[in-house]
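Enquirer: Fit chain B to the supplied structure of chain A, relying on the hints for placement.
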Amino acid sequence: MIEILGLPAASTFADDIDRVFTIIFVAVGFWFLLAEGVFFWLIFRFKKKDGVKAQYITGELKSEKRWITVPHNIILLFDIVIVVAAVQVWYDVKQDLPEEPDKQVVRVIAQQWAWTFVHPGPDGKLDTPDDIAKVNEMHVQADRLHHFQLESKDVIHSFSVPVFRLKQDVIPGRVITGWFTPTKTGTYDIQCTEICGVGHALMPAKIVIQTAAEHAEWVAKNSSVAVASAALR
Amino acid sequence: MATAPVTHHDAHGHGHHEESWFVHYFWSTDHKMIAKQYMFTGMAMALIGGFFAYCFRMQIAFPGIDVPGFGVVSPNEYNHLITNHGAIMIFWVAMPVLIAAFGNYLIPLMIGCDDMVFPKLNRLSYQIFLLSIVVLIASFFVPGGGFAGAWTMYPPLSAKPEYGLTPLGASLFVTAVALEFVAFLMGGINFVTTAMNSRAPGMRMYDIPMVVWMIVIASILFMASVGPLVAGAVMLLFDQNLGTAFFNPDKGGDPVLWQHLFWFFGHPEVYVVLLPTVGIVAEIITVFARKKLFAYRTVLYTAFGTGVLSFMVWAHHQFIAGIDPRMANIFTITTLLISIPIAEMMFVYIATLYGGAITLTTPMLWALSFIATFLVGGVTGIFLGASGADIYLHDTYFVLAHFHYTFFPIAIIGTFAGLSYWFPKMFGRMMNETLGKIHFWGTIIPFNCIFIPLFVLGAAGEHRRIFDYTNFSELARPELRQLDQFATISLLVMLGFQVLFLFNLFYSLFWGPKAEKNPWKANTLEWTADSPPPHGNWPELPRVYRGPYEYSVPGRDQDYWPQNAQN
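Residue numbers (the working numbering), protein chains in the order written: chain A, 33 to 265; chain B, 112 to 678.
Do not take every clue at face value.
[Unchecked claim] Straight-line Cα separation of at most 25 Å, PhoX-like style, residue types lysine-lysine; simulated pairs:
hint, chain 1, residue 1, chain 2, residue 2
1, A, K216, A, K135
2, B, K271, A, K185
3, A, K80, B, K632
4, B, K632, A, K81
5, B, K147, B, K548
6, A, K80, B, K628
7, A, K79, B, K548
8, A, K253, A, K238
9, B, K271, A, K81
10, B, K625, B, K548
11, A, K80, B, K548
12, A, K166, A, K135
13, B, K362, A, K85
14, A, K216, A, K166
15, A, K185, B, K362
16, A, K157, A, K238
Because the hints were derived from the structure by calculation, they are not lab data.
Isolated chain A, as found in the complex (with noise of 0.2 Å):
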């Protein structure tokens, strides 16, 4: 449903979060119209006529509360169905961290007002001198399974990557780990959705998301700049 207003799903997961809305959507539509429906028909249906009086109904009969415990009980059915795609969908995304050998752990600092995204370098490994670091740029690969540790050095931001459906809290003092794999390349917006202060609106930051023999390429030709200025440093 997302993806027919003009943002694509780019992640394992994104077409899951589209699919709870989807239901949600059709689940709570049909609930919607219903009520409206019979709302506006009783409007017009029992208008005031001239000698016509109103019907003396107190509720509390138990064929007239029929009317209420009905829907009410079908709701809570189409609740349970709602609570459990939600929960499944979140499990996956939030509570579940996947482990795969070649995961790529990238770390993702943000501060008043620009994030810093350290790469691993081309040993793979976080904390070396080979590690890249860029700002307002990440740069990940297509089909590879991704851990983001996320750091603030300031106030509270939040690390959004809508065509990944992905949104986490970056919390002060806190390390806080994800995942996401892409499935799509391109370069996307990443957002900082909770508000961190003058300059909440001047924190754009892009994805690249390319191949895995592009994003080799990518990390080669950074990473030796990268060592060059560490043992400038």
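Expert: This is chain B only, laid out in the frame that chain A set:
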């Protein structure tokens, strides 16, 4: 319990001395005057809140424009405007008008007593409320400008001046909010005590009009939930000014603690303002459909159920805020559960219309539009309460549109409904129906035109609190920008129609046709008093013989049966 009002009655020496103009309008302990003070203060604050909305919506739709009446909106001013728009509309418009104004006006009149049980506390409540407004407005003009860290005041942004850049504004803002809470604690204790102890003889629990019940339940919710936030506000003030570290992670504090304290209050607060409007709507639809309220007890129990559940849902505001992800599962369940009593309430109101004789007066139009629009707010809440979908929708315009579809029906439609219904009683004159209906359609149509596009924008990924979207390529698409412009223009239309309301209000106040005692042929006790009721309300306090919704009872000539009529 007729003794309490009588002593108060005597203490006032009511009717025996002339009050000076100042005492009458500014130092009165009369519940009706305090209600009007709250009402007009709340509406004046709504003008400020509406003006702020106009300023920042213009900036969103036409970035960099020189907004007429304000000027160019800088990023900090933008943040300041949205922060104070939210805070004003909830704390200084919805609360004073719905709870304080209607509560003060209606409770004594509807339960048949002459005033609140603590009239001086009542006066003090309004005065502290006024003080909170002075502090809030002062905060706009201090060096560094007003607070700009969103009405939710998340630390560390709100706690440290070097992050928020509003050293004085932040402290004054927190102080103003805390003072406002103090004022409403005093009001709340008054409402609950009065409704429980000063009812007219013969009025049993199930004979209390629904709006009184709802304001009582809302007051209980408020008093039970506000404690943690007042404590939090003091902790935040200490963090800002005394160097403590409750929310400072560098020294062992935790910023997420604030979010728990805030939302533990913040979510019940939604129901605190919702319930009075639900009550107002019950009074209006029964009168203008000439129907007994369908299943009175069910409405009452669902209100209590909602109240209890509302204390168990707060963390759905924090799904992605770094709480333990397992917690989200529990809060998803409770949040979806709370949809059931609320849906049930709406069903009861729809069922009340069945078999009625409906006249579409202005108050009735407002009351019906509350049901129609609040349903949108209700169903869209399901998207956000479902943790899986909230990962994406959190902090987008979808959230914003959702809660405006709840708060606009609650605060704005509820106020217009209540005011147009009780205006004859409050001021002794009738409002103009034609102008009222034009104003109704001129408000309700643009309102939908503002917020339906914002649902679409939110689902397309547009997030809140950004003063200029041109930095984000996915959001700067022309079709999305056009939707924003459409919403802003609709807002201008809606604000324009409010001039008509103000004209109708003030014209009717002075020159409207005189109202009789019971212009709507309603049952509840306030309509047996003079319009407007004098100090002390009735020469002799009424006695109650039946419930408030005995309309169209078979075998009677009249289609209403006032609560105080012996037969």
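Enquirer: Run every hint past the structure and note whether it holds.
Expert: Against the structure, the hints:
At roughly 17 Å between alpha-carbon atoms, K216(A) and K135(A) fall within 25 Å of each other, so this suggested pair holds. Only pairs whose Cα atoms come within 25 Å are accepted, and K271(B) paired with K185(A) is accepted, the gap being roughly 13 Å. Note on K80(A) and K632(B): the hinted pairing holds, with a Cα-Cα distance of about 15 Å set against a maximum of 25 Å. For the given pair, K632(B) sits about 17 Å from K81(A) by alpha-carbon distance, which is consistent with the 25 Å threshold.
For the proposed pair K147(B) and K548(B), the alpha carbon gap of about 23 Å is at most 25 Å, so the pair holds. Straight-line distance between C-alpha atoms of K80(A) and K628(B) comes to about 23 Å, which keeps the hinted pair within the 25 Å bound. Annotation: proposed proximity of K79(A) to K548(B) holds, straight-line Cα distance about 17 Å (limit 25 Å). Taking the CA atoms of K253(A) and K238(A), the gap is about 19 Å. The hint holds against a cut of 25 Å.
Straight-line distance between C-alpha atoms of K271(B) and K81(A) comes to about 65 Å, which puts the hinted pair past the 25 Å bound. This hinted pair checks out: K625(B) and K548(B) have alpha carbons roughly 20 Å apart, not beyond 25 Å. Note on K80(A) and K548(B): the hinted pairing holds, with a Cα-Cα distance of about 18 Å set against a maximum of 25 Å. Of the supplied pair hints, the one linking K166(A) and K135(A) holds, its CA atoms being roughly 20 Å apart against a limit of 25 Å.
Among the hinted pairs, K362(B) with K85(A) is inconsistent with the structure: their alpha-carbon atoms are about 71 Å apart, more than 25 Å. A distance of roughly 21 Å separates the Cα atoms of K216(A) and K166(A); the hinted pair therefore holds under the 25 Å criterion. Pair hint K185(A) plus K362(B) holds up; C-alpha atoms about 14 Å apart against a cutoff of 25 Å. The hinted pair formed by K157(A) and K238(A) meets the criterion: a straight-line CA distance of about 22 Å does not exceed 25 Å.
Comparing the model with each numbered hint stated earlier shows that hints 9, 13 do not hold.
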